[in-house]
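Could you slot chains B and C onto chain A? The hints should help.
Residue numbers (my numbering), protein chains in the order written: chain A, 1 to 343; chain B, 1 to 401; chain C, 1 to 447.
Hints listed in this document are in silico derivations from the structure and should not be mistaken for laboratory results.
Keep in mind that this is a model prediction, so the values were computed, not measured.
Just so it is clear, CB atoms sit at the ideal spot from N, CA and C, and this is done for glycine as well.
Incorrect hints may appear among the rest.
Distance windows between CB atoms, simulated [claimed, not checked]:
#	chain 1	residue 1	chain 2	residue 2	range
1	A	Arg-208	B	Phe-221	47 to 53 Å
2	B	Thr-238	A	Tyr-116	21 to 27 Å
3	C	Ala-34	B	Leu-354	42 to 48 Å
4	C	Ala-194	A	Met-165	29 to 35 Å
5	A	Pro-109	B	Ser-326	45 to 51 Å
6	B	Gly-177	C	Glu-334	53 to 59 Å
7	B	Ile-378	A	Ile-239	44 to 50 Å
8	B	Glu-167	C	Gly-76	46 to 52 Å
9	B	Ser-32	C	Ala-305	50 to 56 Å
10	A	Asn-74	B	Ser-326	47 to 53 Å
11	B	Thr-238	A	Lys-128	25 to 31 Å
12	C	Gly-76	B	Phe-17	47 to 53 Å
13	A	Asp-79	C	Ala-34	54 to 60 Å
14	A	Pro-109	B	Phe-309	31 to 37 Å
Not the full set, but computed from the structure, chain B residues with beta-carbon under 10 Å of chain C [what the hints assert, rightly or not]:
#	residue
15	Ala-40
16	Gly-150
17	Asn-159
18	Gln-162
19	Pro-269
20	Leu-270
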Amino acid sequence: MDAIILQILNGLDKGSAYALIALGLTLIFGTLGVVNFAHGALFMLGSFCAVTLQKILSLSFTVEDPTQKDFLGNPLKVDTPYIVSWFGDATGNAILNWSVPLAILFAIPVMLLVGYVMERGLIKHFYKRPHADQILVTFGLAIVIQEIVKYFYGANPIPTPAPDMFRGSLDFGVLIGFAQNEIIYPYWRLVYFLFSAVIISAVFAFLRFTTFGMVVRAGMADRETVGLLGINIDKRFTIMFGIAAAVAGLAGVMYAPINSPNYHMGMDFLVLSFVVVVVGGMGSLPGAVLAGFLLGILESFASMNEVKSIIPGIDQIIIYFVAIIILLTRPRGLMGRKGVMEE
Amino acid sequence: MLGLSKKDTTFLLVVIFLTLATPILLQPFPESSALAQFNAGYPDLMQRFAIFGIFAIGFNILFGLTGYLSFGHAAFLGVGSYSVVWMYKLLNYNVVPGLVLAIIMSGLFALFIGYISLRRSGIYFSILTLAFAQMSFNLAYSVLTPLTNGETGLQVYNNDPQVLMSEGSPTSPHFFGIVMNEATKVDVGGWQFTFSNGYYFCAIIAIIVFYLSLRIFRSPFGIMLRAIKTNQTRMNYTGLNPRPYTLAAFVISGMYAGLAGGLLAAMDPLAGAERMQWTASGEVVLMTILGGAGTLMGPVLGAGFIKYFENIFSKINDNILHSWFSALPDGLEDFVVFVFHPFIGKGWNLTLGLLFMLVVIFLPGGLIEGGTRIWNAITGKNRKKKREDAAHHPKPTSHVN
Amino acid sequence: MTKFQINRRSLIKSGAAIGAGLALPTIFTSSARAYLNEPKGGTVTLGFNVPQTGPYADEGLDELRAQELAVQHLNGEGDGGMLNTFSSKALKGNGILGKKVQFVSGDTQTKSDAARASAKSMIEKDGAIMINGGSSSGVAVAVQGLCQEAGVIFMAGLTHSNDTTGKDKKRNGFRHFFNAYMSGAALAPVLAKAYGTDRRAYHLTADYTWGWTQQESIATATEAMGWETVNNVLTPLASTDFSSYIAPVLNSGADVLILNHYGGNMVNSLTNAVQFGLRDKMVNGKQFEIIVPLYSELMAAGAGANVRGVYGSMNWNWQLQDEGSKAFVKSFGEKYGRPPSNSAHTCYVQTLLYADACERAGTFDPCGVVDALEGFEFDGMGNGPTLYRADDHQCFKDVLVMKGTDNPTNEYDTLEIVEVTPRAQVEYAPDHPMFAGGDLGACNSGA
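Pulled out of the complex, with its shape left as it was, chain A reads as follows (with noise of 0.2 Å):
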């Protein structure tokens, strides 16, 4: 019983991961209808903001102390990060231990200024273009920005920690009444549960509760009527791609401290994320926010022992061997639309 708790804990986050993800990728399928290989790579950008955000303010000034020696001998240079020479080291010290939560505020406008660049910028041209195109010039776009960040960070993994009061693990199990260490859970990991669900529930009530949302589902069931009405659907797409940008750059921030950020873990997560939105439905936010939270669920439970011993090598299959299944009995996915992305 623990161990299922402690596996749905555990599906609960990855689908989270997942789930937002692939929520800002629907949202580009979705309302521009265009397969945006790039999306994983926007999800790196997040998680590099932080990074970024934790350089910035670690930025030092450097003193040669000729009482200790680096590794040829030469005096040791040492670096004091401005900030905590001055706010002192109480507080400097603290508003770096916080860098990831603060990277947050960062990176929604970077987030939502590289959505609008890349729109105008390029995705614009490409409404009309056949699907293979996009294709080409997202996947293009992808290793581009990989590149770059790569020439800047290099390609080794970037620690980045939580703050130190999330570090460490919440005695859940204590909670429903179970003995003590059966069920813990990392609290960071916690956190980036319940701010996932912060998040997509607020990109829900957008959509569904203010009139920029209203026009822009009304765009998304038939881009043209809406257009005949004399609204500016044009813009308003603009801004649905920096939304959704942001969402995966803050789903790339709150991310950096589970698993520290390297260039190329955007495309670790972009097959996935498709799979997820394509077992979602094409079309559909609720979709690809239950199918995440599915395959994550699915996943997390494929790689207990107890499922394991019955079926070797389960785990390695599981996402695709479901999404087969559930595209095998639900022709459109778990609630697609008819006619989105189907020839």
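Just chains B and C, lined up with the frame of chain A:
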């Protein structure tokens, strides 16, 4: 000739000439010159051009004609390679049994995957094929290691049965005694040309399968496939069931991929699981689109383009840059090297990514369109309208034989 | 069967293929050679095949730096580095056998196929006489096989799987790096001393051949000193999030977690394990511990504070204080402003060892080089007296047991040396079951 129109015959002859003269054409710079770095006329790369050309031609039969975008074609590439290496292990190094098995196995595999995946269309089809290929890759890398040798890749060991192996038979892949990795080097002036047995073996097969695809493009079957791309619903209304046609196209293109995978192992007796990964599937998609989907020569050009950058640009390092620009004054030399540095060696991916974007932005029809434009510029615009690369952009009605 | 007939046959065939009309002023370069890519003229070309793209790109970059440095030292530029401390004095700083050393570089992408393509282009196009480098066992085994078939020498870079000099050993291939068996043999006594002999270990293992050989080696070595292996769970290569594998560990009754992962997998699994707070827990009345059997500097840097206090093993480390290591760290540090990694050391040393073997053999002929390297004993290269064993081409030398530094003073100070395990303790018989099944075969000079 050979059941082709006059225009197609000329086209085929040009292709045959280009393919056979590749070892000379790809070696434009003398050995001693600094630009010899850009020569691509060495056996391994030429073989790759031919093999990935075959892969892309096959992929194009499915994607270019029917519009079904498979994202799992690498699975067939892998199956082909494993089949050939297994034949080496069990029989001997003759490539023929392996290649036959590769085509059969990949055909069967394609029949299975295609039968299931073609129940859906559009992106749903793409994801189904992707899922099958990724499952194959993940299993081949781990659980199926006894069959595939996992991470290390399947290779021949000295204690393998090799029942047909006799005293004098070659110890590397051969075609009835013609050993693949042997080559004749010819020095002409400052140039060195390498005529490799392996390359000509691949090249002849490539010409044959190119001819086959030309026939398919021009056949009633090809027209039917294009009709599926244009409007499947209307086809249904006329009482035609498109499924058997698309399935046939899928299996044919799977067999092409299996053949390509088999040839990879015929040139180099090793089969790695990475050949089945989604990046490999994605690569053939990129090759086809980059070159020009639906055209006959485009995918081959795309394959050559990507393989060229992967193999040539990744090998240029700062030392080579310095030697090129050593004539410049020191400060300027360093600056030029600094400017080029991000795009070469470890940055070859960046160059490739940028070129993808430039090609798709400025040449909507792919590389083949670039070729057409240059051709038109040379021959004069007035003929453009009528002939616009007729052989390459087959128009449904005018070219049926 | 003589060489000439084959050439004539291929000529006729190729000639027919390109058309009879083409005149061929033919000079056979192939029949004039004694072995493949015999250096003519004043230079000799070495091929450095390292990952330049993909997750191990930084590792490859460091290997490439070290190899460039080795070429400089061979050509008599710079301060000579380890040439001054190397026990063999055959190299004089005038290149190899009087020929100036050049190199070409290529990208393995850490994929067997790409690595072989890149190595082939070096051999076929650039005339490389040996291939050096790499950063994974899959690539090492694949390229080693290629070099054996082609007839050049292969010096493996970072490859830790037992198979490289076991099941997949080849006459033309040599490995300086240590292997999984040695990691186990070196680590086990230190672990017994630090954590006691009554421990229960839970293994997470990367699900491919290197992971399996390491898991087997570590489990055998730790079980021999009294530890119990509770479970061994295989994790998919493509995993990025290991939470679902780590979550059950605490309830399994294990009090040690052993992570048989490398590179990005290891950075993530260690980070995840620390996130779950495993190291703060008490199990069976003991402090819970994590072990990473194979360390590298770059992985330690990627995992950041999570490596603190975690044990592992390494082939070499820049903090060693012998003369050879000091000389190498000095010339590397002065050129690149950072200490070399252990894979950089291996690639540097192998370049010198290859050059030295050529000098001693008096030829670049791979078969002569193989003879010179087999059973070669040397010192002054940073790991104490070292032997290239003739039976399997594995180097035998001291192995380092490392621990994550608790209070790092600078960005390179991530790991500290706990013990230098003497060579005698990590030696094994050539027919050890973990290395069984291989066959070196005959040397191939490509003639």
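List in ascending order the numbers of the hints, as given earlier, that are violated by the structure. 2, 10, 18
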